[in-house]
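Engineer: So the protein lines, in turn, are chains A and B.
Using our numbering, read the first sequence as starting at 1 and increasing by one per residue.
Using our numbering, read the second sequence as starting at 1 and increasing by one per residue.
To be clear, the hints were calculated from the coordinates, so they are not data collected in a lab.
As the structure is a computational prediction, the values presented were derived from the model and not from experiment.
Where hints are given, some of them may not hold.
Unchecked claim - Rough simulated footprint, nothing fancy, chain B against chain A, three-plus residues with beta-carbon under 8 Å: (1) 27-33; (2) 79-87; (3) 148-156; (4) 169-183.
A virtual CB, placed ideally from N, CA and C, is assigned to each residue, including glycine.
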Amino acid sequence: MATDSSDSELISACIAGQSWAWDALVDRYKGLIYSIALRSGLTQEDAADVFQTVFAHLLQHLTTIREPQGLAAWLITATRRECWRMLRKRQREPAASEVPLIQTTARGWAESVQSEENLLAWHGFIHEALAQIGERCRQMLTLLYLEPEEPSYDEISARLGLPRGSIGPTRARCLAKMRDLLTKMGMNVK
Amino acid sequence: MNRHPVSLENLADWEDGRLDPETRRRVNEHLRTGCPSCQADLRWLRQFKQAARVQGYVEPPAELARRAKALYRAPSARAVPGRFALGSLRRFTPARAVLAALLLVILGGVLFLIQAPTVLAHQALVAAAQGVVQARPVGAPEWHPVHVGDRLSEGDEVQVPDGQATLSLFAGCRLDLSAGAELKIVSLRSGLLGGTLRVTLLQDTGVAHYDVPPLARLSSFTLRTPTGLITCQAGRFSVNARADETTVTVFQGTVRAAGGLHSTMLSAGQAAVIPAQGPVQVQPTPESPANEGNPTSGGIPTSTPSGHPTSTGVPLPTQAVAAPAGTTPAHTGTPEAGPQATTMPATEMHATQGLPTPSETAAMGQSSTPQAAAPEHTAQPSGPSGSTGGWQRPGGPAD
């Protein structure tokens, strides 16, 4: 369920007994939590356990989360903690291959993991925004930004059936819409 | 309105390296100015691109998400601490609504009990008694003597055939009955925690002086007489009750006097007559206090004079308190106290005094025991006009 409601609004709706809001929260963060669990080196089965535990934990603490706008960070921390517990339970240390792939900074592993996880959270929000942004923009932004390789304007023109000259303005319009949606959901760039 | 020289489209193409050389040069030039909105746009674009292409984002199996969603509806989740708000609000069934209403009613009842003066309050204490003072407990056929320290309850009656008596109610309410007075304690209630009080008295006949300390908002002090209704939230006043009229004289604070459909607010220095029929007749008392001539005519020193908040340091403004409106208190000695005092025969004037204030008590000295003071205050009936303050039995010549 895609929604442009912010996390604060969804949490308030959950507390007010609106089950749709809980569904929306699960949809918004399911990819983030599952991805972090898998990236921690857990098996799919253990990742599934962590996934369930983290959402149960969230449900318990909905009324006590002090900064609902920081829910993504809260979930990242909770997921990492559960992953660590699960790894301890399995009595294994994370192998070198399980260390996050991209280490963009030199400030150490933890910080790079945190920044990677923030990007994962953003990625989940982008997915959710794409579900609401309209077909034309979804196709355009997916081709331009989510495909592994950036296609040329000619390829885009051919695949979307758009005149080449209208691709630039359409992209700018779609990016502006995407930015609006993400901002509504609480994802800003400082 | 000036259009921004670099559009989001330009910036996106610039970031992706898709600009023609001329546009690229123009954008570069603009960016070198440090344009804040362009910087913000570029930061967002880079974050978006980076997040869009991040590796390792994996959607969980649909079944996993379904189970997580089901947590919200699972009964077990409701038992988890912290879920109380969710569980109770989401499942607001009619049965729960009835329960909630019931709780509200109980809560309201408790609040009512705490606030409303519905609980039997402490009994009235006989703080001083002199001469013949009698009481008749509720339901009892006969009168029996009352002594200092006795307690009277709601429904009890007290009369002073000869002498005087002081009753101390709770919260500083006091009343001083002079010879001939008859009183019934109709209601003596307080709130559960004592915050509010309800005093209702019935004064059938005679003269009595009342001292009501400032009462809380929901508290009330009500005095009924054969012809009127007197209420007071804070004040000192005297009442002379007869079958055909009631006279109220206010010394301090305000008092509402009502008779039939008429009522009026009296302030310090005013007196009023409440006749059996007709409106309340207000008449101001003389300007000068009446205690000039006989400031320490005294009263009965009570057992707890220092615990009397409203009388602390404030001598009674007048000692002749039961004089009917239009007359002058008997011992003022002013010319008005003579034949001009025509509202009521002078023989009906009764001089009494209020509770002694600490200063008055001190002025009396150690020798001013009730016994020592008694002869002075139980003097012979005063003369027709302006005799000094002494006690006179009402119901004498007037009746």
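Engineer: The region 79-87 of chain A covered by chain B? Criterion: 3 or more residues, Cβ-Cβ distance below 8 Å.
Structural biologist: Three-residue rule not met by the region 79-87 of chain A, so violated; n is 0.
Engineer: Count the residues of the region 169-183 of chain A whose Cβ falls closer than 8 Å to any Cβ of chain B, and tell me whether that reaches three.
Structural biologist: holds (count 8)
Engineer: Go check the region 27-33 of chain A versus chain B for me, would you? Three or more residues, Cβ under 8 Å, otherwise it fails.
Structural biologist: holds (count 5)
Engineer: Test coverage of the region 148-156 of chain A by chain B using CB-CB distances below 8 Å; three residues minimum.
Structural biologist: holds (count 3)
Violation of the numbered hints given earlier is confined to hint 2; every other hint is satisfied by the structure.
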